[in-house]
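Place chain B on chain A using the hints.
First to last, the protein sequences are chains A and B.
Residue numbering for the first sequence is 1 to 333, as defined by my numbering.
Residue numbering for the second sequence is 1 to 560, as defined by my numbering.
Hints are all accurate, no fakes.
Incomplete in silico selection of chain A near chain B, CB under 8 Å: (1) N45; (2) P59; (3) Y60; (4) G66; (5) H68; (6) I70; (7) E321; (8) L323; (9) T325.
For the record, the hints were derived by calculation from the structure and aren't laboratory data.
Note that beta-carbon positions come from the ideal geometry of N, C-alpha and C, so glycine has one too.
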Amino acid sequence: MTEVTLTKKDFTSDQEVKWCPGCGDYSILSTVQSYLPELGVPRENVVFISGIGCSSRFPYYLDTYGMHSIHGRAPTIASGLAISRPDLSIFVITGDGDSLSIGGNHLIHALRRNVNIKILLFNNRIYGLTKGQYSPTSEQGKVTKSTPLGSLDTPFNPVSLAIGAEASFVARSIDSDRKHLTEVLRAASAHKGSALIEIYQNCPIFNDGAFDTVKDNETKDGALLKMVHGEPIKSATHGLVHAGSSLKLVELGSVAESELVVHDVHNPDPSYAFALSRFSNSKLDHVPVGIFRDVERAEYGSQVNGQISDIIAAQGAGDLETLLTSGDTWDVA
Amino acid sequence: MGKPVVSLDQVTIRFAGDSGDGMQLTGDRFTMDTASLGNDLSTLPNYPAEIRAPQGTFAGVSSFQLHFADHLIQTPGDAPDILVAMNPAALMANIKDLPRGATIIVDQDEFTTRNLSKVGYEANPLEDGSLDSYKVHAVGLTSLTVAALSGLSLSRKEAERSKNMFALGLLSWMYHRPTEATESFLKAKFGKKPEILAANLLAYKTGWNYGETTEDFAVSYEIAPAKMPAGKYRNISGNTALAHGLIAASQLSGLKLFLGSYPITPASDILHELSKHKKFGVITFQAEDEIAAIGAALGAAYGGALGITATSGPGLALKGETIGLGVMLELPLIIIDVQRGGPSTGLPTKTEQADLLQAMYGRNGESPVVVLAPSTPSDCFAIALEAARIATTYRVPVMILSDGYIANGSEPWKIPSMSELPDLHVEFAKTQEDFLPYLRDTKTLARPWAIPGTKGLEHRIGGVEKADKTGAISYDPMNHDLMVRARAAKVAGVEIPELTVDDPKGDADVLLLGWGSTFGPIAAAVESLRANGENIAQAHLRYINPFPKNLGKVLERTQR
Chain A
1 MTEVTLTKKD FTSDQEVKWC PGCGDYSILS TVQSYLPELG VPRENVVFIS
51 GIGCSSRFPY YLDTYGMHSI HGRAPTIASG LAISRPDLSI FVITGDGDSL
101 SIGGNHLIHA LRRNVNIKIL LFNNRIYGLT KGQYSPTSEQ GKVTKSTPLG
151 SLDTPFNPVS LAIGAEASFV ARSIDSDRKH LTEVLRAASA HKGSALIEIY
201 QNCPIFNDGA FDTVKDNETK DGALLKMVHG EPIKSATHGL VHAGSSLKLV
251 ELGSVAESEL VVHDVHNPDP SYAFALSRFS NSKLDHVPVG IFRDVERAEY
301 GSQVNGQISD IIAAQGAGDL ETLLTSGDTW DVA
Chain B
1 MGKPVVSLDQ VTIRFAGDSG DGMQLTGDRF TMDTASLGND LSTLPNYPAE
51 IRAPQGTFAG VSSFQLHFAD HLIQTPGDAP DILVAMNPAA LMANIKDLPR
101 GATIIVDQDE FTTRNLSKVG YEANPLEDGS LDSYKVHAVG LTSLTVAALS
151 GLSLSRKEAE RSKNMFALGL LSWMYHRPTE ATESFLKAKF GKKPEILAAN
201 LLAYKTGWNY GETTEDFAVS YEIAPAKMPA GKYRNISGNT ALAHGLIAAS
251 QLSGLKLFLG SYPITPASDI LHELSKHKKF GVITFQAEDE IAAIGAALGA
301 AYGGALGITA TSGPGLALKG ETIGLGVMLE LPLIIIDVQR GGPSTGLPTK
351 TEQADLLQAM YGRNGESPVV VLAPSTPSDC FAIALEAARI ATTYRVPVMI
401 LSDGYIANGS EPWKIPSMSE LPDLHVEFAK TQEDFLPYLR DTKTLARPWA
451 IPGTKGLEHR IGGVEKADKT GAISYDPMNH DLMVRARAAK VAGVEIPELT
501 VDDPKGDADV LLLGWGSTFG PIAAAVESLR ANGENIAQAH LRYINPFPKN
551 LGKVLERTQR
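So here's chain A without its partners, still in its complex pose:
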């Protein structure tokens, strides 16, 4: 194969970007455009498929193949494409409303099947495109246009949901942290099967400052529990220790450094990653970021195509005439 040497510019389309000034989507777009040359896949083999919502405009801004589909259904279209075209690198761009409300069913089923698609879930905890209603990740009590007295719904924790749906790769990153997001994208691309990356994304118009705790220089070091494979999980002030079958948050210094949980992204037990996911709450005072889980599991598309190649290897390719004349036939002279 010939060496592919592409640059960020090669992946940037000629379309004018039309998100609101200050939107977190800009930095995510820039990070993804910068990362794609490193993916090492020819442009024509990269496909971005989105649903509906502000983030779902994403494919227009990348000079790859792309489809801006309908609300919530991007994982279904991406699944059909990934299964029938295993040669492609497919990304799904979605938001918290798109993937967790109207498209919740498709998200969990794509994850349990482990189809080879990389899902970037832009979580801004609000409906932006429809101008400011609460979303399935909005904190309870959220006052919005549709909830003047505060929202009543208990929010989803997208990472917990994905782990519950048997996801083989789950991670969380932040829109403004280009380096961290790039690392996560790199690991997700190397993973065979579905990957869900939750990206905290600021909506400056309808939910501005939602993630300030994990972004402001003054607070972020205390809030971010950094998960790095093979290293203790800790923030500047806190760390995690084992507590029976679960995990517990402790102040650094209250236990020996050696007591801290050493992160293992390949831990086959999903309850470990699930326990980690429970530390992120609506208040965002302690938020694990990084890769929660990265385990090997058979990829769906290769299994589907494997069944076909196995039967052809065993019985030969199908013959149409034989098929049509199968069963009980008779001749009329």
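Showing chain B alone in chain A's frame:
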């Protein structure tokens, strides 16, 4: 042997029993043996939505009707000439369809006080004279079967299960059906269970011998083969014909077949059938719901596959938004609606032709699709090829409106030779400078099918209105008007054959026009009217959108 043989030109038989009695299998076997004898035939299974309704109840009655003849026939028949009723519920459920003088064969062992009261018979109809105007054969199907199998080491319950084969054997004797095919079928089916195989073969043979030896059955019947065009035939149901037509389309086009489907009666058999044929490179994807099923099919079509989804009415309602996306993306997509009774859940196992307007208009905005309707079970094969031709040539969603009647019904099908099949070869867009994803072919108005993986054709598409030629997002009202008209013109301009009119004298003053599965019943009615001297013509629509170009002229020909 020695008993008189009466020649008949046609017979309609209905097998009816509890849904666990194996009536569908019995009917299928009788059908296959009848087909191999060269009679023309038409079948209609009728089964309850309940998988195992309480035994012996009205709700659990399942039936299979077969009409066969020494001439060409059009329908599974109206009134059965002969009813096989395995229990009182089956008798009660079907007696109203029987004309006086019809023959009834019942399993008298099942006519117990308990079973009779289950369905509300106050007296035993076999004894109270209520069946005096029918020819009733009360046979101990259960006890005779059990007695015949007493030499085998089977429980009574296991032995009783072969009573359907006893009934099949008896009917096969009555109508001179050959036995070899059913015997080899049983050997293939129960080859791994020698005791069960022995039981079925023995019950089948005993049933045959019973007919031949008992005085209860004085005559047997013969129906000569029908005169059919020369060729190789098989019996085929609509769902199987659709599945095989789609495989043929995949092979003839060189496109990978991708079926996204969610199980729904009466369409699931298309999923089942296609799942069996993976060696043709067929991908079947049982999705989490109807929406995902069509989404995956559309995704596969985007990637260059023959994308198909199969469903029934309620599922079609759920797919509407994605069909609209298919209209906007202008990609090939085949949507099969095996219609059933509605609205809502309606009558899942019963047939109805009530989704026509949903198929035509059941989407937001101006969203035209091509609509085709097979007219008979075997026509489903040809319609599948047509759907693939139109979808891939014009890059448009094509809807196939089948229904439960032709999906599950069957008839002899003259198998086409390979050379009769059309060339469905497809060209994808090739690498080029200044690619325009929505530049239309001047003849077909189709846009290029530019699949991912093609260097230099990277482009973005979506559900937002497209600018002419470039496919970029456009909110311009004039462009929207242009695109709405272009999409409509593309569907209106699909090339299809003219409508043919069956008008033997050429001057009929009444035309019977139908569409879809009404073909058989209308043709039968026309035949019968003509036999009475009426001058009547018939025409039948297989193309619903667009209509054949000569439809207006055809309608003007006759006064009514």
